[in-house]
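Undergrad: The lines below spell out each chain.
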Amino acid sequence: MLNYTFDWSIITSGKYFDWLLSGLLMTLKLSALSIVLAFLLGLLIAVMRMSHNRPVRWIAHAYLEFFRNTPLLVQIFFWYFGSYKILPTVINDWLNETGFEFAAAAIALTIYTSAFIAEDIRSGVLSIPKEQMEAARSAGFSYLRSMQYIILPQAIRITIPPLVNQFLNLAKNSSLAMTIGVMEMTYQARQVESYTFKGFEAFTAATVVYLVLSIVITSLVNLYNEKVLNVHKAA
Amino acid sequence: MKKLATLFMIMALAAITAKSALAGDTLAEAKKKGVLVVGCKDSLPPFGYIDEKSRQIVGYDIDFVNAIAKKMGVKVELKPVTSASRMPQLQEGHIDIIAATMTKNAERAKVIDFSHTYFFTGQKFITKKGSVKSLKDLDGKRIGTAKGSTSEQNVKKAIPTATVLSFDDYPQAFLALQQGKVAAVTTDEAILAGILAKAPNKAQFEIPNLQISDEPYGLGMRKGDTNFVNFVNKTILEMEKNGEAAKIFDKWFGPNTQFHLQRNFKITAGK
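Those protein sequences? They're chains H and L, same order as listed. 1 is the number of the first residue of the first sequence in the working numbering; add one for each residue after it. 236 is the number of the first residue of the second sequence in the working numbering; add one for each residue after it.
If you are wondering where the hints come from, they were derived from the structure by calculation, not from laboratory data. Among these hints, one or two may not hold up.
As the list claims (entries may be wrong) - No farther apart than 30 Å at their CA atoms in a straight line, the calculated lysine-lysine pairs in the DSBU-like style are these:
#1 L:Lys363 / L:Lys486
#2 L:Lys469 / L:Lys267
#3 L:Lys314 / H:Lys172
#4 L:Lys305 / L:Lys482
#5 L:Lys469 / L:Lys433
#6 L:Lys345 / L:Lys306
#7 L:Lys433 / H:Lys85
#8 L:Lys433 / L:Lys345
#9 H:Lys15 / L:Lys345
#10 L:Lys486 / L:Lys310
#11 H:Lys15 / L:Lys458
#12 H:Lys15 / L:Lys371
#13 L:Lys458 / H:Lys29
#14 L:Lys306 / L:Lys268
#15 L:Lys267 / H:Lys85
#16 H:Lys85 / L:Lys364
#17 L:Lys339 / L:Lys306
#18 L:Lys363 / H:Lys15
#19 L:Lys339 / L:Lys433
#20 L:Lys368 / H:Lys85
#21 H:Lys29 / H:Lys130
#22 H:Lys15 / L:Lys392
#23 L:Lys437 / H:Lys85
#24 L:Lys314 / L:Lys376
#25 L:Lys376 / H:Lys29
#26 L:Lys266 / L:Lys482
#27 H:Lys29 / L:Lys482
#28 L:Lys376 / H:Lys85
#29 H:Lys15 / L:Lys339
#30 H:Lys15 / L:Lys482
Build out the structure end to end from the sequences listed, making use of the hints.
TA: Below is the structure:
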């Protein structure tokens, strides 16, 4: 037999519950911050990628290919350990004093995900007939203003389903932050496991948390879709 | 839907029965298969690490399991494990024995069986030279270690005000120390000595004489695998008697190595 007795009481109260709860809060904090930043940065990169200015377009293209095509774990290590070589000592000392783990993880998640988001937004924009841009320009809107008022509002709507995917990926990818000591959900679940050897219970709790978190993100975006953008499910 | 549920049930049952076959007599089964699967460290000199020339995993732990396998008449298959993964891997039958710098403690002994102590050390710190004179110097500081190890629990007890940062393994923890991200890295002295010996700028670091715990290492085997446990214990006691155990210690830690450790323990029954 499996020789394993389940004991759920250890994770529903007491010290280990507190650990898991603090892990949950850390995951929420890290995911929420990175989602907002990744969306804004992704928007910027998408606009740059479609710019008529060639150097700007190239910079965006290089950014996309670089951050899309390197593993997130490597990027996390790069920001946490690699930035040490580039930054001046004063900044390093300050970062070490305050604890750079959270920031490094947030930066890595933001930049990595923004590359995917940018491509999703671009594909949304490309699906808007280009006559609309031409009409907007001939009506006297600048390129950026036509983007802002005419193209992007429509494109974002189309982009929402793939964007939700990116948000979900980001929330789950945030577990990689534990490799540099960010005490998020998976880190705490592993901690509970190594103290109690009740790995099944701890990781079941973590699984449920990620599941609920994902469902909440999906529901929020759907709600935004329906209430604010008036996109109905049937459509 | 019902069909799907039945399918899952069958799969779950199959998984459980497949497992149950594994929790038998490892000694007999390994002899039948002709191979003993060992969970070891692969980046932790001198216990288990990849030799630069041969590209093979070698070390103190490896020599012990090699001797045991030789006595069994089987080959050794080495599987790198981390501190956090080794116990589940053993329980799930992916490996037959853990030889990965594993501290024996009561909590762990509830879940797996340990051999007699085959190595004895204590938990210390590695720090920038001169920065730590007593444990007080580490109050409120950030201290690095590896996940899933006992080191973390000990340091939380010894210095409650310190923040413990657990990295995936010791090389990252030491990199964090080099970059000043933590004030000290803590784990067993023998492991620290190994890290220090390999460090490129070792003159800047030291291991102050501050011990916060005793760390007896045991080989880990599945709970209730009595035949195998007895065999392993008998073998390492013989190795103590005929001097082979001391020879292995000297090979990896003795005066001709960079560690210069004294062997202050003996493998004895009942420990």
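Undergrad: Each hint needs a verdict: does it hold in this structure or not?
TA: To see whether the hints hold, each was checked on the structure:
1. L:Lys363 / L:Lys486: Judged against 30 Å, a Cα distance of about 28 Å means the pair holds.
2. L:Lys469 / L:Lys267: holds, 20 Å
3. L:Lys314 / H:Lys172: It holds: about 28 Å lies between the C-alpha atoms, which stays within 30 Å.
4. L:Lys305 / L:Lys482: With Cα atoms ~17 Å apart, Lys305 (chain L) and Lys482 (chain L) stay inside 30 Å; holds.
5. L:Lys469 / L:Lys433: Violated. Lys469 (chain L) to Lys433 (chain L) sits at ~34 Å, over the 30 Å cutoff.
6. L:Lys345 / L:Lys306: Given pair Lys345 (chain L), Lys306 (chain L) holds - Cα atoms ~28 Å apart, limit 30 Å.
7. L:Lys433 / H:Lys85: Status holds; Cα separation ~21 Å.
8. L:Lys433 / L:Lys345: violated, 35 Å
9. H:Lys15 / L:Lys345: holds, 21 Å
10. L:Lys486 / L:Lys310: holds, 22 Å
11. H:Lys15 / L:Lys458: holds, 27 Å
12. H:Lys15 / L:Lys371: holds, 26 Å
13. L:Lys458 / H:Lys29: violated, 41 Å
14. L:Lys306 / L:Lys268: holds, 15 Å
15. L:Lys267 / H:Lys85: violated, 54 Å
16. H:Lys85 / L:Lys364: holds, 21 Å
17. L:Lys339 / L:Lys306: holds, 24 Å
18. L:Lys363 / H:Lys15: Roughly 33 Å separates the two Cα atoms, so the pair is violated.
19. L:Lys339 / L:Lys433: Satisfied, since the Cα-Cα distance of roughly 26 Å is no more than 30 Å.
20. L:Lys368 / H:Lys85: Since the Cα atoms of Lys368 (chain L) and Lys85 (chain H) sit roughly 29 Å apart, the hinted pair holds (cutoff 30 Å).
21. H:Lys29 / H:Lys130: violated, 39 Å
22. H:Lys15 / L:Lys392: Answer holds: Lys15 (chain H) to Lys392 (chain L) is near 15 Å, not above 30 Å.
23. L:Lys437 / H:Lys85: Distance ~19 Å between Lys437 (chain L) and Lys85 (chain H) Cα, so the pair holds.
24. L:Lys314 / L:Lys376: violated, 35 Å
25. L:Lys376 / H:Lys29: At roughly 24 Å apart (the allowed maximum being 30 Å), Lys29 (chain H) and Lys376 (chain L) satisfy the hint.
26. L:Lys266 / L:Lys482: Measuring from Cα to Cα gives roughly 27 Å; hence the hint holds.
27. H:Lys29 / L:Lys482: violated, 54 Å
28. L:Lys376 / H:Lys85: Roughly 23 Å between the alpha carbons, so the hint for Lys376 (chain L) and Lys85 (chain H) holds.
29. H:Lys15 / L:Lys339: Measuring from Cα to Cα gives roughly 24 Å; hence the hint holds.
30. H:Lys15 / L:Lys482: violated, 45 Å
Checked against the numbered hints given earlier, the structure breaks hints 5, 8, 13, 15, 18, 21, 24, 27 and 30 and satisfies all the rest.
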